Structure formats: C-alpha cells, structure tokens
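A.B. asks: These are the residues of each chain, in order.
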Amino acid sequence: MITETRHYITFKLGDELFAIDVAQVREVLEVAQITKVPTAPAYMRGVVNVRGQSTAVVDLRRRFGLPPAGDTVHTRIIVLELTLDGEDTVIGAIADSVHEVIEFDPSNINPPPRIAMRWRSELIQGMGKRGDDFVIILDAGAVFSSDEIALAEEAAGLEVVSRQPVSQ
Amino acid sequence: MSYNPLGTFRLEAAELLDEIEQAALSLDSAGWTQETIHRLFRAFHTIKGSGAMCGLDAVAGFTHHVESLLDRVRDGSIPVTPELTGVVLQARDHIRWLLDSEDAGGDAGEALIALIGRLSEDPGATAEAVAAETAPAVAPIDDGEPRTWRILFRPNPSILLFGTNPAALFKDLRSLGSCQIEAHTGDVPPLDRIEADHCYLWWTVLLDTSAEEAAIRDVFIFVEDDAKIDIERVSAPAVDAAPAPVAGTPVREPAPAPPQPIPAPRPAATPAPAAKARESTVRVPAERLDRLVNLIGELVMNQSRLARASSEVRVAEYTAPVEELSRLIAELRDHVLSIRMLPIGTLFGRFRRLVHDLSAELGKDVELITQGAETELDKSILDQLGEPLVHCLRNSLDHGVESPDERAERGKPRRGTIRLTASHEGSNVVVSIQDDGRGIARKAVLAKAVEQGLIDAGANPADREILDMILLPGFSTARKVSNVSGRGVGMDAVKRAIENLRGTLTLASEEGQGTTISLTLPLTLAIIEGLLFEAGGGQFIVPMASVTENVDLTAVERQRGNGRNLISVRGELIPYIDLREMFGIEGRRPPVERVLIVRHENERFGLVVDRVLGTHQTVIQSLGRFYRRVEVVSGATIMGDGRVALIVDPPAIVRLANRSRSPGRRPERA
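Chains as they are written, first to last, in this note's numbering: chain A, 13 to 180; chain B, 12 to 681.
Just chain A, same shape as in the assembly:
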C-alpha cells in the first residue's frame, strides 16, 4: 500500500508507461558495453561496469514477455538499489526510454486491477493517475525477487541445475 506522497521516475517499455520509486533508483546510464554472460537466461542481458563494480543487467522487455527490440539512442539502464532476501543488491534494468520524475499523492493512486491486466498484479504497487492516462507503478522488490526470477527461468524452459549442499 502506498500511504505517502512520493517521487517516481517514469520509463517506457513499448507503449506502456511505468514508474519506479526514485528512492530505489541510484542512477540512469546510457547503454554502454554490456558483457553477455554465457549460459544465462536471455532476459539477463549481461554485466556492466557501474562505478567499478560489475553489475547485472536485466532486460525488462524480456522480463515482462514483450517482443525483443534493438537498443536505440533512447535506451537506458536504470540502476536500482534493492534489498532482496535481506541482501543489498545493485541491479541494472534496461528500459526503452526514461522520461521524468513525477510526484504521486496516494489519492491519485488506484490499487492494481485484479483482472483484465496484461501485467501480473503481484508485481504492481498501484496505478498512478495522470490526467486521463495511467502509469503502472512497479514493485521493484517483487520484480527482482528470487521467486520471481525462478518463475521466469521456469517459463524460459531452463534446466534448473540444483546444487547439493555438503552434508553435515
């Protein structure tokens, strides 16, 4: 639930406008050289150097099952700082374009609709009203949680190689 006025950064995937809480965004980068990691699923685009630290980059289009599109001059990497399973994590997310920072008052945010949605409601915090348009406010923690990533991997039909722990 969103209970206070917050700032959000907006970005586009295809025709759809999304938003992420700016508190979770560290910076926005132009797409530099991304090093592809072999044998990783396709929605993991690779790793980039963010201030001396190699950082994983997720292709949000593929993550949400949109058809892949080539990078353009507008393509950006949104560097997010998230706490996933209690672990501080930095991750890059590729968006088709990044637009502006806007403010949403809780009264302007509707709960995510349960039905008739292209997007799974678990990943959405709410729908921000902006004139006649809606902005989909993403729950970044949920989008990149390990459960979600595992689901995506299953969907991608990957062989899940389990690691056996050393027994006691």
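Bear in mind the hints are in silico, worked out from the structure with no lab data behind them. Only a predicted model underlies this, so the values are computations on that prediction, with no experimental measurement involved. Be aware that a few hints might be false.
As the list claims (entries may be wrong) - So, partial list: chain A residues that the calculated Cβ filter (under 8 Å) puts toward chain B:
1. Val43
2. Thr47
3. Lys48
4. Val49
5. Ala52
6. Met56
7. Val59
8. Asn61
9. Gly64
10. Gln65
11. Leu96
12. Glu99
13. Thr101
14. Ile103
Stated by the list, open to error - Only pairs whose alpha carbons sit at most 25 Å apart, straight line, appear in this in silico DMTMM-like list of lysine to aspartate or glutamate:
15. Lys48/A - Glu510/B
16. Lys141/A - Glu545/B
17. Lys48/A - Glu597/B
18. Lys48/A - Glu540/B
19. Lys48/A - Glu193/B
20. Lys48/A - Glu309/B
21. Lys459/B - Asp97/A
22. Lys24/A - Asp83/A
23. Lys48/A - Asp104/B
24. Lys48/A - Asp589/B
25. Lys390/B - Asp83/A
26. Lys48/A - Asp652/B
27. Lys182/B - Glu193/B
The C-beta atom is built at its ideal place from N, Cα and C for all residues, glycine as well.
Chain A is fixed; fit chain B onto it per the hints.
C.D. replies: Chain B in isolation, oriented as in the chain A frame:
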C-alpha cells in the same frame, strides 16, 4: 563505536572456550604438563570473573564448580583421567550453551555439577552450588599453619579504565584470611593534574592465611599484567602486631614514584602465563577488511588503467611515477591481503574435538595428528573449508579406520591415526587427510558402480578411474547408513565445494593401508593471475594456474580431426571444447584459432578461443545473485578500459560439456 561489555565478554569467552577445548583434549594425548592445567584453570577463572562482572550469574555460578575441581587437579589431589577430560569438555559445552541461551532458565547443569562433585570426591559440591554463586575465587585450603604474607599491589594508573575495581580484589583477599590493608597516597598529583579516571593509589596488605601463595596470586590473576605485584612471606604470624610495621614501612618503595605508567614487571616466582607470550593484536570486524580488499581491488584496476594511458601518451615525466605507483600498489595489495590470512590451525583445532567425540561414538580409537597448523590461508577460503574437511574426516573415521579389534587382527596398532597436514606448494596450499585404515575396496566400488549403472558389468576400468567413481554424485559404498556419514551426499559434494574455491581434490588409496585425500587450494580468492583471451569480441580470463600451454588450431587441423574435437599436442591427443559453440557466440571464426591447454584432475583438455591476449592481474568480483546458476563463469573483473571481462571456470566447463554430450554418463576418455 559504542562499548558493549557483554559483547566483548562473549567474544572473549568464545576464545577461552576454544582454548579450554584444546587444553582439555591435550590431556588425552599424554602431551600435557602442569602448565596445561594452569591454562585450563585460568581460562575458567576468567570466564567466571568476567561473567559475574557482566551479570551472567548462571555462567559464573556453574563455572565456579569446574574451577574448584581444577584447583584440586592443580594441587595434585585429583589425578588426570579420561573421565576428567570428558567432564571438562562437557562443562565447556554447558558454558557455551549457557552463553548462547541468553537468560537461561531451566537446566542449570545440575547433573553435570553432580558429576563434577563426584569427581572431586566432595559430596558437598552440589549443596554448595546454590550458595556459592559469587563465592571467592579460591577457597582457603586447610593445610596447616596460617602464614603471614606481605603483598604490595601497585596498579598501573589506567587500571580503572579496564574495569578493575581494587576494592573487589581486597574483598577476595579478605576471604582468604584476615587482612591489614594500607593505602599509599604519595603518588597523588596536585589537584590540577589529577585525571579523574586514573588510579594514583597503591597498597600494601598484610594477610594472615593458611592458603598457598598460588591462591593469593589467583586473586590478582586479571591484573597481573597491569600492576606491580610483590608477594612475600613474613616470618612472624602476628595480626595484632601488624599495624606498627605496616605504618612505618614503605615496603621496599623508598620514595613515591612519579605518577607515570609502570611497565608491569613480573615477579620471577609467577608461572609465566601464556598471555604474555602472545603478540599484541587488534580485533577488527571482518567486513572492514573486506571493504579494504575491495578498495584495493579498485585501486589496482585504476592503476592498470593509468599505466595503460601513460604508455599511450609516452610522456617521459609520467613513466617513473607511474611505475613507482605500480610498485607501491602491489606492495599495499600484498599487505592488505596478508591481513586476511589466518593460520589453518584455527580450523584444525575444531577437528580434534570432532575426532575425540566421533571415535567415542563409533567405538574406535583414533589419534588425530596435525601438521602445518601455521600454514596461512585467506579467511574467506578458511570459512568455506571447514565443512568439506569435516566431511573428509567423518569419512575417514567412519569408513577408513577400523575398530580396535579389527586392527589388532590385521596386525595394526589398535589405535588408528588420522593425519591432517597443511603445507605450501608454490602459490597453493595443499591440505591432506590421511588415515591408516582399510583403504578403498576397489571391488566394492566396482560392484556399486555397476549397480548404479555408472559402468557396464563387464567393464575393466583403470585403478585411477575406479577411485574417481567415489567422487561421482550420489555414490556411497557404506554398507549401512550411519549417523556419521554415508547419507548419499558424499565426496562429490566435497569435490564441488573445493572446486568452488578454485581448488582441486585428488584421492590416493592402498587397500588395507589407508586413504589420502589431498586438497589443493589457492592462497587467496581476491586476486588471481589470469590469462586473458578473446572469443567473439568478448574478453574472458582463465586462471593462470590451470593453463599449461596454448597452441594454434588451424581450419585444416579441424577438418582432419573429422569432428572428433581432438588436437595433437606433441604426439598426445587432447580433446577440446569449443567455447564459441558452448557460449553460443556467433560470427566468423578467425582462420587460425588458439587452444588453451588446461589441466583438470590429472587430465588435459583444450579450450578453443579466438586469440590469447596475455596475462592479467585479475581482481575478482562476484557476479552476484542473479547469476548464481551460471556455473561456467566464476566471477567478473573490470578491465583497464572499463569493460567487464568474465572469469571462466575450467572444471565447470568440463562438467557442462559432459552433460550436453552424454547426459548422465561417464566422461569420454581420449
């Protein structure tokens, strides 16, 4: 950082408990001296004292019983027996439990206290338990004539800062006998120079007691490093006569000394405590060191970028400083990495207890001999080495070493031996676990392998291959599943854990004579010497240690190989893995490719790449949680030009190649 006495106590107690464990175990091995008993006594005494200070009365109360028992061992009235060792170890565990369970109600260790009481042949011990929570350190020993002692106690001015209260010491002294205490004020400076938290007083005490000198020294056991303490016997046992001599005698202190720290001279009579021999150390949280290592990593990276830029602009003035900077950074890096190096002995210590307990449980008699405990390894490796080593030891104890009777039948000494050794070998550390047990029964391994469908019934594999089957997933020849090992997760998990540390595992065994497991590990995980290569425009690094050489592969040779992926290197046919193929890299291959010849478990294989770029000092970064499932890449590094290069893991590449070639089957041999 705020000061947390309880946290400090817990840390200190954990160390003391380790020390107790080591000392107690050495009582078993006949290698103990009177000093061992002293060490035990001191450790328990410290726990009791600090515990009471932190308000952990349960800990202090319980420890008191152990201390009393050890006091009687110390004066020789109770012999050192295996039973004593057992009780001391149990007591140690109980204290640990008390410490872990915060405000422990319930089990106050009554059973253990009763056991201690029985061992002390002192039926009063249990009853005394409740009353004696904060009893004095040492009970007076009724061994005859009371004697008079003159005690000079001149503490270091800063002693109050360390939480010592002289009044408490005098209280302890009083519990030994009647005291005449005189305070000397000659050192107190003028008012404007007084530091409120300094102790400017010193004392002389005349004590009438029947207790031994050692008991008096025990009162000062915490402060002996921070104070001048002289204890001498006065011939005339006269309490009433005391005031006169004390008042008039400055007790070997001719003039009041200036109020400066006293360098704590040790009276010759005191048995030198181990604490004195220890080097001065600083306790630093591990994450601060990790941060430092990361910073060094960035520094190394930027330095190589600078060196590259400087070589491009070719300005003579830059060359010397940049080279000097490289040298300094290399030195700094070595020093910082060495801070995280810890002796492997910290790990070995834990195993002596394990072997002691397990051999008792399994009805075996096993001695653990450790060598090379001083060998140093990076902390991050040590942290991950414990579990695999425990597993190897359990295996040796359970499957390797025979029962005493069986050993006697075979003409071996009844007591088995497990040797745990560590040594440096080049830039690696080799840890080996060697037992003199029954060895690996080839027949049993073969039968099991056939049963599990790993090989065909008629197959006749080489000896080496039979041994390696033990390292396959799910393989266990244990006839029955025991509590100790043989639960199906076996040596393959150990092998995997070692490979994750970029190490290797090899097995050697002679039937009837024993088994040796050797683990070869890198010194550090933070920086490696790597060989940089290119495949399809991407840059990769392979650890230098695993590459033996690299050779050309021409299109002609590929064709001659007829798709069998074999290359001839000086007459030997070596199978190769095409990295472009495995990594799904598209595009045109160069007309002449390179093959890196990599050694993995006594076998060689090739990795086909586009070209080799040279060696590279590689600062390793983790790929992070999103690439946890990727096995073929073990990490990433930032190159001088800011790009990210990936560090490939040869053993994982072989595994992947084998899986995709023939799932579930043995690797093909060249």
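A.B. asks: Against each hint, give a clear statement of whether it holds in the structure.
C.D. replies: So, going through the hints one by one against the coordinates:
With a cut of 8 Å, the hint placing Val43/A at the interface with chain B is violated, because the nearest CB-to-CB distance is about 13 Å. The interface hint given for Thr47/A is met, as the beta carbon of that residue sits about 4 Å from the closest beta carbon of chain B, less than 8 Å. A least Cβ separation of about 7 Å between Lys48/A and chain B falls short of the 8 Å threshold, and the interface hint therefore holds. Taken as an interface hint, Val49/A checks out: its beta carbon lies about 6 Å from the nearest beta carbon of chain B, inside 8 Å.
At about 5 Å, the closest approach between the beta carbon of Ala52/A and any beta carbon in chain B falls short of 8 Å, and the interface hint on this residue holds. Residue-level restraint check for Met56/A holds (minimum Cβ-Cβ distance to chain B is 6 Å; threshold 8 Å). Restraint check, Val59/A versus chain B: the minimum CB separation of about 5 Å is within 8 Å; hint holds. A hinted interface residue such as Asn61/A counts as satisfied when its beta carbon comes closer than 8 Å to some beta carbon of chain B; here the least separation is about 5 Å, so the hint holds.
The interface hint given for Gly64/A holds, since its Cβ lies 5 Å from the closest Cβ of chain B, which is under the 8 Å cut-off. With a least beta-carbon distance of about 7 Å to chain B, the hint placing Gln65/A at the interface is held under the 8 Å criterion. A distance limit of 8 Å between C-beta atoms decides the matter here; for Leu96/A the minimum to chain B is near 7 Å, and the interface restraint holds. The beta carbon of Glu99/A is positioned within 8 Å of a beta carbon in chain B (closest approach about 7 Å), and the interface hint is therefore held.
For Thr101/A, the suggested interface contact is upheld, since its CB lies about 6 Å from the closest CB of chain B, less than 8 Å. With its C-beta approaching chain B no nearer than about 7 Å, Ile103/A sits inside the 8 Å limit, and its interface hint holds. A threshold of 25 Å between alpha carbons decides the hint, and for Lys48/A with Glu510/B the separation of about 24 Å falls inside it, so the pair holds. A hinted pair counts as satisfied when its Cα atoms are at most 25 Å apart, and Lys141/A with Glu545/B does not qualify at roughly 50 Å.
For the proposed pair Lys48/A and Glu597/B, the alpha carbon gap of about 13 Å is at most 25 Å, so the pair holds. Between Lys48/A and Glu540/B the CA atoms are separated by roughly 23 Å; this keeps the pair inside 25 Å, and the hint holds. As the CA atoms of Lys48/A and Glu193/B are separated by approximately 79 Å, the hinted pair breaks the 25 Å bound. Between the alpha carbons of Lys48/A and Glu309/B the distance comes to roughly 22 Å, so the proposed pair stays at or under 25 Å and holds.
Proposed proximity of Lys459/B and Asp97/A is contradicted: the alpha carbons are some 41 Å apart, above 25 Å. Between Lys24/A and Asp83/A the CA atoms are separated by roughly 13 Å; this keeps the pair inside 25 Å, and the hint holds. Simply put, Lys48/A and Asp104/B have alpha-carbon atoms about 51 Å apart, too far for the 25 Å limit, and the pair is violated. Distance restraint check for Lys48/A and Asp589/B: the Cα-Cα separation of roughly 17 Å lies within the 25 Å cut-off, and the hinted pair is therefore satisfied.
Under the criterion of a C-alpha separation no larger than 25 Å, the hint pairing Lys390/B with Asp83/A is inconsistent with the structure, at around 43 Å. For the proposed pair Lys48/A and Asp652/B, the alpha carbon gap of about 17 Å is at most 25 Å, so the pair holds. Straight-line distance between C-alpha atoms of Lys182/B and Glu193/B comes to about 14 Å, which keeps the hinted pair within the 25 Å bound.
Checked against the numbered hints above, the structure violates hints 1, 16, 19, 21, 23, 25; every other hint is satisfied.
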